[in-house]
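Chains as they are written, first to last, in the working numbering: chain A, 23 to 357; chain B, 23 to 357; chain C, 23 to 357; chain D, 23 to 357.
For the record, the hints were derived by calculation from the structure and aren't laboratory data.
From a predicted model like this one, the values you see are computed outputs, not experimental measurements.
Hints should not be assumed to be uniformly reliable.
To be verified - A few chain B residues that don't get close to chain C, going by computed Cβ distances all over 10 Å:
| hint | residue |
| --- | --- |
| 1 | 78 |
| 2 | 159 |
| 3 | 357 |
Said to hold, decoys possible - Here are some chain C residues pointing at chain B (derived, C-beta under 8 Å):
| hint | residue |
| --- | --- |
| 4 | 235 |
| 5 | 240 |
| 6 | 241 |
| 7 | 253 |
In this text, a Cβ means the ideal position worked out from N, Cα and C, and glycines have one as well.
4 protein chains.
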Amino acid sequence: MLRVGVIGCGGMGRSHIDRITNRTQGAQVVAVSDVFEEGAKKGAEIAGEGCKVYTDSKQLINDPDVDAIVIVSPGFAHCEDLLEAIKVGKRVFCEKPLCTTADDCKKVMDAEAASGKHLIQLGFMRRYHKGYIQIKDAIKTGEYGDPLIMHCTHRNPEVPESYNTPMAVHDTVIHEIDLCHWMVDDDYESVQVIMPKQTRYIHKNCKDPQIMIMRTKSGITIDVECFVNCLFGYDINCEVVCEKAALKMGTPIAPFIKKDATLSTEVSTDCFVLFKEAYDEEIQNWIDCAAKGVIEGPNTWDGYLAAVTADALVKAQESGQIEPVNTVEKPDFYK
Amino acid sequence: MLRVGVIGCGGMGRSHIDRITNRTQGAQVVAVSDVFEEGAKKGAEIAGEGCKVYTDSKQLINDPDVDAIVIVSPGFAHCEDLLEAIKVGKRVFCEKPLCTTADDCKKVMDAEAASGKHLIQLGFMRRYHKGYIQIKDAIKTGEYGDPLIMHCTHRNPEVPESYNTPMAVHDTVIHEIDLCHWMVDDDYESVQVIMPKQTRYIHKNCKDPQIMIMRTKSGITIDVECFVNCLFGYDINCEVVCEKAALKMGTPIAPFIKKDATLSTEVSTDCFVLFKEAYDEEIQNWIDCAAKGVIEGPNTWDGYLAAVTADALVKAQESGQIEPVNTVEKPDFYK
Amino acid sequence: MLRVGVIGCGGMGRSHIDRITNRTQGAQVVAVSDVFEEGAKKGAEIAGEGCKVYTDSKQLINDPDVDAIVIVSPGFAHCEDLLEAIKVGKRVFCEKPLCTTADDCKKVMDAEAASGKHLIQLGFMRRYHKGYIQIKDAIKTGEYGDPLIMHCTHRNPEVPESYNTPMAVHDTVIHEIDLCHWMVDDDYESVQVIMPKQTRYIHKNCKDPQIMIMRTKSGITIDVECFVNCLFGYDINCEVVCEKAALKMGTPIAPFIKKDATLSTEVSTDCFVLFKEAYDEEIQNWIDCAAKGVIEGPNTWDGYLAAVTADALVKAQESGQIEPVNTVEKPDFYK
Amino acid sequence: MLRVGVIGCGGMGRSHIDRITNRTQGAQVVAVSDVFEEGAKKGAEIAGEGCKVYTDSKQLINDPDVDAIVIVSPGFAHCEDLLEAIKVGKRVFCEKPLCTTADDCKKVMDAEAASGKHLIQLGFMRRYHKGYIQIKDAIKTGEYGDPLIMHCTHRNPEVPESYNTPMAVHDTVIHEIDLCHWMVDDDYESVQVIMPKQTRYIHKNCKDPQIMIMRTKSGITIDVECFVNCLFGYDINCEVVCEKAALKMGTPIAPFIKKDATLSTEVSTDCFVLFKEAYDEEIQNWIDCAAKGVIEGPNTWDGYLAAVTADALVKAQESGQIEPVNTVEKPDFYK
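Can you build the whole structure from these sequences, using the hints too?
Below, the structure written as structure tokens:
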């Protein structure tokens with residue numbers, strides 16, 4: 023039984039505590055931490071009897087009863103805790119982003135590489151969604167030739183006033199940033215953002231829709247329509263165009279209804295419905311791997327690459343130009 | 023140029039006059055007839071200058087300027103005109119039914135066979151619908167094995183008060199009666215009608231929905247859900263289950279719209295939209311054949327078989343039993 | 023933690039032991055039993071340390087360390103164990119069939135009713151398949167009017183030589199028997215079986231395909247195409263025709279591939295793939311309910327009704343007639 | 023009856039002669055012209071008795087028996103004939119391109135505007151394809167908000183060795199150039215071409231695939247995946263993303279086949295199949311309009327705009343930059 027400590031007891035933190043406690047196998051939450059003691063106590067309640075409560079994440083990390091750590095604190099707090107966890111050699115599941123700056127990401131990556139052990143998995147849960155896995159598996163068969171182009175949409179019914187233009191990168195397309203390079207097993211070289219005609223239904227602080235274009239080192243070109251106030255649904259699509267075939271991700275099971283001169287089926291409006299199983303699979307996989315002392319999911323390099331690519335996209339949002347993705351060379355440790 | 027005379031200038035008659043005049047090639051309407059002179063004149067107007075007007079269909083049939091005849095008069099009037107046309111050896115396109123009784127159908131069939139020439143084509147336009155043709159062609163390849171079962175639906179948004187239970191056979195499933203035996207190239211042996219729970223939205227004179235089951239001589243079993251007050255659309259489906267595959271008829275081109283949390287596409291509510299092209303193709307094919315002195319479409323045997331099968335279905339509506347389809351043996355002339 | 027005893031350690035028994043041990047929450051297998059000690063030991067191994075091994079199911083049922091019982095023994099052995107479990111008042115999950123004869127089913131039903139407690143859940147796992155639940159939920163909204171007709175297919179790629187005609191009822195359509203009456207909340211009144219033209223790819227002992235028709239007390243008519251040697255896939259479909267709408271079950275997520283002039287998507291060939299999640303949900307729900315001292319899943323009445331309906335279908339396979347489903351009146355205890 | 027003269031009797035010319043003669047209403051081909059007399063004679067044969075044969079297109083244009091003209095000669099020959107036709111005030115259907123240079127297009131446009139009569143229709147037949155019309159009609163309802171983005175694919179199974187990179191613009195995406203600005207009723211402002219990873223199945227002279235991006239004056243952004251050696255089919259798609267909905271073009275009727283563990287439907291490999299009806303509709307509409315002395319289809323401005331946009335795209339293929347579409351201001355005459 024893997025003994026897990028959870029840092030950060032906000033909504034997502036409590037969700038992960040509940041997941042580990044009630045929906046996955048092989049782990050239990052033995053300690054939680056939050057800078058707000060009240061929050062930490064609420065988290066501990068979900069975990070059940072005997073769960074320790076910390077307000078200092080360092081103490082949790084160093085608790086000898088804690089085998090592995092889940093970090094769900096705000097992004098700016100990740101770097102320090104990740105470095106501490108690396109120091110004590112414990113496996114970590116860290117919600118995205120890895121860190122809030124590319125420099126910090128690199129610092130963590132260097133520390134992990136220096137430690138000689140793969141310790142950190144990033145919370146890019148979409149890699150565990152059946153639809154993407156089916157496509158990746160299909161590509162891997164080689165039957166369809168090399169992938170050349172990916173067309174994606176990331177549509178969302180609406181966003182609050184607080185959502186601004188760069189968040190389209192950091193909070194929304196960040197998923198495609200990770201997913202797409204993973205699906206075709208390649209890293210990014212350059213990006214571009216096109217601002218089409220804007221919907222009148224978005225508030226002033228946010229450009230919407232946006233078309234983000236990412237090019238991998240081998241030239242695979244990924245276009246992502248990011249439309250966060252599309253009103254009609256949470257509509258995620260992915261089509262990979264290969265040399266001999268086009269592969270389109272399937273849609274989840276839902277009834278087809280003929281009524282009122284219309285054949286219709288539901289489009290989800292809730293990302294937690296679409297990716298519900300993926301969240302569980304992600305944590306289950308991390309638990310299984312951590313128990314075996316390995317990491318199979320998105321790793322520190324992926325987190326670093328996502329950070330650098332996101333920075334380039336934000337720059338491209340303003341410049342309107344093709345912007346390079348300037349990463350260090352991929353360390354052998356991550357190859 | 024085939025010179026056509028049209029008998030019957032009601033709605034359907036005028037529609038065929040317009041079709042021959044304006045939408046098909048190789049024929050022109052040179053004479054029309056209707057027991058109501060006013061009606062005949064309206065028909066002639068559509069045909070344009072020089073079109074003769076009759077109130078006596080026999081005169082039209084015998085007019086030496088008329089090469090071929092379209093009969094769109096009420097069903098009870100068909101028999102006499104068909105016999106007359108056979109006598110003078112002119113090609114006929116006759117709207118369904120061939121005649122209103124199986125006996126009359128047989129009389130016409132015998133007369134045609136005796137004449138030694140295939141003269142009559144019945145107005146089962148669905149044989150000219152692309153969707154059915156594609157399925158029939160697929161079956162004919164042999165690639166899918168023999169057809170064993172057909173599942174059909176014939177759904178209609180609503181019917182008037184005047185529509186009664188036997189009309190579900192004579193006006194509605196009559197299309198599947200002809201179509202299904204043609205698609206699998208077999209004749210009927212027995213039928214059954216099941217009355218499921220009834221919709222509360224139908225008026226008193228009509229049972230709705232009904233499930234009609236038709237069995238061919240080789241045992242192919244066809245079930246037709248006939249639901250004429252289904253409210254939601256004119257929804258025609260056909261799936262043929264073969265030994266190695268199931269073949270489902272495609273649907274016409276229509277946009278897919280994502281809006282309000284729903285992905286939807288239109289279900290037609292109008293049979294004339296769905297079969298618009300089929301009506302044109304049917305008449306064009308008859309014109310082409312008549313000009314060559316042949317008949318390729320549904321013939322007199324098909325009309326006779328439909329009449330006998332319909333009678334058996336009406337009997338089965340009342341008896342609840344499996345009823346035989348008692349036809350004479352198929353004359354060699356129609357094999 | 024619910025302490026579970028499992029009776030029967032064949033393939034399905036071991037699968038349930040693994041499920042309870044590794045894929046569901048809140049229960050552990052503390053005892054197993056099999057008439058073959060070797061089999062029981064294999065089962066115990068999956069459950070892990072401390073699991074007791076019995077060869078006499080009665081001892082397992084009476085073991086005070088066992089809170090609840092899973093019966094996965096051959097059908098003929100169910101009756102006695104069920105009666106024993108009722109005697110000691112323990113909750114049971116029993117794989118179908120409840121018993122092999124309607125009389126035995128009734129004996130168990132009477133005993134349970136006399137005990138005053140709902141103790142037994144039957145293994146009709148399809149009720150836990152998302153697709154069916156979505157349709158049942160849609161019906162329950164009332165938005166579509168009353169259900170009138172259900173069209174189902176139960177297609178299977180192929181069956182072994184040992185599979186015979188009655189097994190099309192007992193092993194195959196038994197699922198639809200339970201599922202369909204549950205979806206529309208009604209019991210059966212009569213049944214019919216139609217034997218269409220037979221596929222040449224089936225062996226001699228089995229009629230295939232068959233069309234089974236079941237009529238509920240309110241007249242809802244269910245047709246099931248049972249085609250167990252269809253070659254092309256495990257193809258389960260369900261369409262419910264209501265007064266205002268037709269509801270068709272969705273299909274599982276799978277990629278759409280355009281290649282070689284074809285747009286295609288996979289049809290499963292394995293029932294355990296299609297219903298994998300359903301098996302887990304079924305057992306999880308039973309564990310949760312057993313822990314609370316209730317039964318929510320298919321109950322003893324459902325098992326009895328299925329047995330009587332299956333008997334009528336087997337009779338109908340031979341008679342070709344509409345056969346009544348002669349159940350006792352539904353006891354108040356099960357309403 | 024509109025008396026039509028056809029200039030150019032190559033494959034496409036003969037196809038139009040056949041169309042006017044045998045598949046459309048209200049016109050007949052009374053004269054044909056080709057620089058090769060043999061070709062002209064072949065064309066005349068299709069038109070039937072009495073059709074005049076010219077080798078000088080000017081004579082045909084000036085023939086008083088010719089009411090209207092169809093130009094299907096090579097592109098370089100269009101300009102002179104168009105100017106001549108304008109001079110004599112006859113209606114013209116001109117296959118694309120209008121002229122081979124933007125300057126020539128402008129010359130023709132100026133001449134037509136000066137003549138004060140709309141005389142010329144361009145052969146962009148896709149505007150007559152039902153699928154596009156349905157989408158355009160849907161947009162026009164206003165129900166879905168303003169269009170913001172269009173995603174298109176223009177995939178083709180394979181191209182000959184003679185097909186080179188600029189032809190992806192001039193022969194392939196030229197259709198989307200016309201179609202997309204028409205669908206959203208806007209003109210182009212700038213374009214860009216992205217060269218993704220290249221398929222190894224294309225020959226050396228052609229870059230494939232390409233992503234072409236066109237921006238309208240109001241900012242609507244159109245991306246077209248042009249993949250002319252995709253191997254799998256002639257696969258045309260169009261999705262218009264509006265403020266409240268995404269509208270995807272429907273696909274033509276085709277059977278759905280379940281066989282060998284796969285559900286599949288055909289992807290056409292032949293553009294003449296997909297757009298067969300559109301070619302007929304296009305010519306029929308031109309005949310109807312010419313007879314009434316109007317032009318409803320793609321006009322001279324559309325031809326000029328297409329030429330300028332195509333030039334910008336070819337430039338963008340080489341520069342990799344966003345290139346402006348420098349048209350003159352739209353003359354009032356074309357508004």
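Taking the hints in turn, this is what the structure says about them:
{"no.": "1", "hint": "78", "in the structure": "holds (49 Å)"}
{"no.": "2", "hint": "159", "in the structure": "holds (16 Å)"}
{"no.": "3", "hint": "357", "in the structure": "holds (21 Å)"}
{"no.": "4", "hint": "235", "in the structure": "holds (7 Å)"}
{"no.": "5", "hint": "240", "in the structure": "holds (6 Å)"}
{"no.": "6", "hint": "241", "in the structure": "holds (4 Å)"}
{"no.": "7", "hint": "253", "in the structure": "holds (5 Å)"}
In summary, this structure violates none of the numbered hints.
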